[in-house]
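Asks: Start from the sequences and build out the full structure, keeping to the hints where you can.
Heads up: the sequence lines are chains A and B, in that order. Read in order, the letters of the first sequence correspond to residues 1 to 834 in this note's numbering. Read in order, the letters of the second sequence correspond to residues 1001 to 1124 in this note's numbering.
These are computed hints drawn from the structure, not numbers from a lab. No residue lacks a Cβ here, since even glycine has one placed at the ideal position from N, Cα and C. Treat the hints with caution; some may be incorrect.
[What the hints assert, rightly or not] What the simulated footprint calls covered on chain A by chain B, stretch by stretch (three residues with Cβ under 8 Å from a Cβ of chain B suffice, anywhere in the stretch; the number is not a length):
| # | region |
| --- | --- |
| 1 | 443-452 |
| 2 | 520-530 |
| 3 | 657-663 |
[As the list claims (entries may be wrong)] Pairs of lysine-lysine residues, derived as DSSO-like cross-links and limited to a Cα-Cα distance of at most 30 Å, are as follows:
| # | chain 1 | residue 1 | chain 2 | residue 2 |
| --- | --- | --- | --- | --- |
| 4 | A | Lys508 | B | Lys1090 |
| 5 | B | Lys1090 | A | Lys807 |
| 6 | B | Lys1090 | A | Lys370 |
[As the list claims (entries may be wrong)] Facing chain A, according to a computed beta carbon distance under 7 Å, are these residues of chain B, among others:
| # | residue |
| --- | --- |
| 7 | Asp1023 |
| 8 | Arg1033 |
| 9 | Pro1063 |
| 10 | Ala1067 |
| 11 | Ile1074 |
| 12 | Asp1077 |
| 13 | Ala1085 |
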Amino acid sequence: MKASNATPQNLIIVGNGMVGHHLVEQLIERGAHRHYRIRVFGEERHLAYDRVHLSEYFNGRDADDLALSTADYYAEHGIELHLHEAVTDIDRNTRELVTPQGRYAYDRLVLATGSYPFVPPIPGGDRDGCLVYRTLDDLDAIREAARSATTGVVVGGGLLGLEAANALRGLDLDTAVVEFAPRLMPMQVDHEGGELLREKIEALGVQVLTDRATQHIENGDTSRHRMVFQDDKRLETDLIVFSAGIRPRDELARHAGLAMGERGGVVIDDRCQTSDPSILAVGEVALWQGSIFGLVAPGYQMAKAAADTLCGGELTFEGADMSTKLKLLGVDVGAIGDAHGDRSPGARQFRYFDQLKQVYRKLVVSSDGKKLLGAMLVGDNATYDTLMQYYANGLELPADPASLILPNVEGAPALGPDALPDTASICSCHNVTKGAICEAIDAGCDDLGAVKAATKASTGCGGCAALLKSVVDSELEARGVEVDQSICEHFAHTRQALYSIVRVEGIKTFGELIEKHGHGLGCDICKPAVASILASCFNEPITDAAHVPLQDTNDTFMANMQKNGTYSVVPRIPGGEITPSKLRVLGEVGEKYGLYTKITGGQRVDLFGARLEQLPDIWAELIEAGFETGHAYGKATRTVKSCVGSTWCRYGVQDSVGMAIRLENRYKGLRSPHKLKFAVSGCTRECAEAQSKDVGVIATEHGWNLYVCGNGGMRPRHAELFATDLDDDTLIRYIDRFLMFYVRTADRLQRTSVWRENLEGGLDYLKEVVIDDSLGLGDELERQMQTVIDNYECEWAGALSDPEKLKRFRSFVNDERPDPDIIVTEERGQLRPA
Amino acid sequence: MTTATAEDLITSNDWQSLCTREDLVAHSGIAARIETRDGPAQVAIFYLPGHAPELYAIDHHDPFSGANVIARGIIGDVAGEPAVASPLYKQHFRLRDGQCVEDEQVRLRTWRVALRDGHVLVQA
Ligand code: SRM
Ligand SMILES: Cc1cc2nc3c(=O)[nH]c(=O)nc-3n(C[C@H](O)[C@H](O)[C@H](O)COP(=O)(O)OP(=O)(O)OC[C@H]3O[C@@H](n4cnc5c(N)ncnc54)[C@H](O)[C@@H]3O)c2cc1C
Ligand code: SF4
Ligand code: FES
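Replies: Pasting the structure below:
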């Protein structure tokens, strides 16, 4: 490389996919952007995004969420980004790249062009509605095609094919998978494993056809296409997604005359250099020692080596492990090392096959039984991490290796995180070892988040999250760090513990609780938290003398304080349904008190700018007209949004407004660790956005689908499908249990989404508790909810009928004039703070 | 110190009566307007029955938001010192001397306050 004071060399990266972007990060880390002029060309419209989690695009993550970076990041480091500009040729004589927009000189060039989905050359395979699954644009095309389709077929039953099948299912298509081989995922699993996988996937309603070679595709009778197979069997479908493997996008290299593999791929050496040393290749386009690596972790390692090569370093690419742990259509599949046992002469096998529980585990061990060479798991990946550690670190197996795969054998050796050597790789995406994690901890990272930030561990595919946590926990413990979970300085308890104390001891006031279990006066952390616990347990009016000093000002005055000290008023409008005359009352009240009026994001009306002393009069008028408080101020049930549903909408299949109102009236007044939002949509078009709510309900032909733990706000999270086709009563029973279980076990100010992410056992556990009643808590949770419902009263109505409570609604005890410092001005015909 | 002895009250004449004991809210605050030598002010009166002292008078004006809201904050203690948390942006102010816990530069005014014959008096 030239010295940095000379004219900077031109470095061009072709391809802005996962690996191309990682290369940019690695270059920046090495300061290469200071001595290279770096340009990046990407054919797609989008900046590099997380292709591994591409399918989440159908679950509500948009292009921005999936993006791995920002244009600002590139600009900040002086890197020129040419998106939507495909490179069409490399001119090695003049050292120039050609695109439709121009020619660009390079000194060093990196190919990171990835691969493309292979579409078998079947007559008719290029018909309209025959699609692939690789890019965001592909997914848009699938979504669009699915609108007018009822059935879909995926050609290819490998990893990506099953992922595509799941996506089609999610788009409400009747889905089938057609596989050429005699079983699903032929690369990862064997006959038994494949059969189990088939059973499980068929149970989800996805049709599985193996041993099927598609001969041609033609016009169908009942659907858009008809697929014709080798034995003249047929299958009709509206939409076809090809997922029959990937091929390297090596056309540029081929044209340029670089050395290529027999079956494609740009040949690279350990330093990622091609046969022309000024050109490097990384990621899925590169062929190293005869192999192409179709996973992101090896690509990242190539990117590292390439960055080092470009900066004069020594790092080399040394191959990568292709072990994988997946959840496909909810089915665990794991493959470690030589999972089939056909690459290791003399290897011995152990198998455990439980057709009842639908679990299959296989070990491939060395002939002396000491080393793990490979493993295959279907139906349960619980042992994956342990097996992976034995495999990757060459640890000696226990005397009886079978104990690793047999169920519940007494004393089965659990490989604890402290048994791992420092060289053990914990996160393969970012190549983080246990040693590196210990170093980060010693350098002052004292919790999981800090370790993640410092090492990047678990920020790739996320597959190592559980292992990372256990390593971090055990290392912190070894260093004597006690993770302090006290809620605040006044109570050495978590919120969950306080909740149990309150329930078990029947404590009904903060005074009693702090006297028995805490010390001091309390504070603005523990007081509202305890107030919320007391309300969830007993639902006494928060305006009672014992409770009122515990509340945030918003709860105290049952209105939301605004930045100038005035309040907003939000009456409940269940389900967003309101009569014209009630709407008129809101208008009249707003006008009379000079309140700024706005439709909220929660399908109701907010009246802003009320002075403290005006609140009772305003509420008296609202209650007179039949309104109730909307709890906009509380960590409590907020709104149940609805769409218009079957009563009016041509597509509605259930009365979503009716259900929304029923839910809102049932849960109004429920106080919880954080606010609760609901929505009910009348059909799968989802106009009420139920999948972004704590509790989302979507109508189906047969009832209701229940989604839980969604979130909008700062960190949006898609709700997860919890149960399907429920009748009204079951729906409500599940929601009762779900909410009360959350109220019981969540941390203070923890929305259901975060609670769920921290819930050990995840969604499956939650289903067990709520649906299967595995803890035997079902009745109790329902009873508790009934208590809250029975004790509901509109807090505002209660306050208005009690002169003692109303005394608080004075701006000043000794002066009836309004606060002279509240100054307003007019804008767009309404008043606002000056 | 914010509480005066009965003897003080008799000898000084700049004590103003604001309200009665019934206007106070236990473990919480109320606001009142007072006249001071520097002009009109708004004062927050906090009442901690059973605590010594049990009455505090401190600025009702919140310097961080510019709004008059301190009396509507939650009372608690920070390391044993009674304090109020501003309801808007949650800074804590010591009731004893008005010092802001989060910002050394900021301190609210405090006044002497006392209960006498069921009346709440402030010296300003
Ligand atoms: C009024 C409203 C905005 C509007 O004009 O539309 C609003 C206003 C406030 N929101 Fe909101 N949010 C409003 C709908 C929403 C929505 C949309 C929705 O509910 O469908 C969201 C995203 C959905 C969600 O919560 O998942 C939303 C996410 C937030 C968040 C972020 C929560 C999170 O988990 O990330 C906060 C902050 C918090 O709660 O900690 C917040 C906090 C606030 C606060 C309370 C901020 C504050 O402390 O002053 C605002 C005071 C409201 C007031 O004074 O009345 N608001 N807020 C909406 C009232 C809805 C209602 O009828 O009750
Ligand atoms: C649905 C799906 C799920 C997956 N799941 C996993 C998983 O769980 N674990 C895992 O490890 N891997 C997974 N993968 C594979 C992983 O995404 C790839 O290994 C990784 O993206 C490869 O990175 P890359 O940069 O080499 O290629 P890509 O990410 O494909 O990027 C290549 C980029 O180069 C662009 N390009 C190509 N030619 C040109 C040109 N001439 N000019 C300009 N730009 C060009 C392309 O448009 C593309 O944007 C999955 C892939 C898919 C599609
Ligand atoms: S988005 Fe922010 S500014 Fe807007 S209402 Fe919500 S909290 Fe207030
Ligand atoms: S292994 Fe992928 S994030 Fe750690």
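Asks: Are the hints correct? Go through all of them and say.
Replies: Quick rundown of the hints versus the structure:
1. 443-452: Coverage by chain B is violated here, the residue count being 0 at a Cβ distance below 8 Å.
2. 520-530: This one holds; 8 residues, not fewer than the three required, reach chain B with a Cβ under 8 Å.
3. 657-663: It is violated: at least three residues are needed, and the region 657-663 of chain A offers just 0 whose Cβ sits closer than 8 Å to chain B.
4. A:Lys508 - B:Lys1090: OK: lysine 508 of chain A and lysine 1090 of chain B at ~27 Å, within 30 Å.
5. B:Lys1090 - A:Lys807: holds (25 Å)
6. B:Lys1090 - A:Lys370: Outside the cut-off at roughly 61 Å; violated.
7. Asp1023: holds (5 Å)
8. Arg1033: holds (5 Å)
9. Pro1063: violated (13 Å)
10. Ala1067: At about 4 Å, which falls below the 7 Å cut-off, the nearest Cβ of chain A leaves the hint on alanine 1067 of chain B intact, so it holds.
11. Ile1074: holds (4 Å)
12. Asp1077: Check passed: Cβ of aspartate 1077 of chain B comes within 4 Å of chain A, closer than 7 Å.
13. Ala1085: holds (4 Å)
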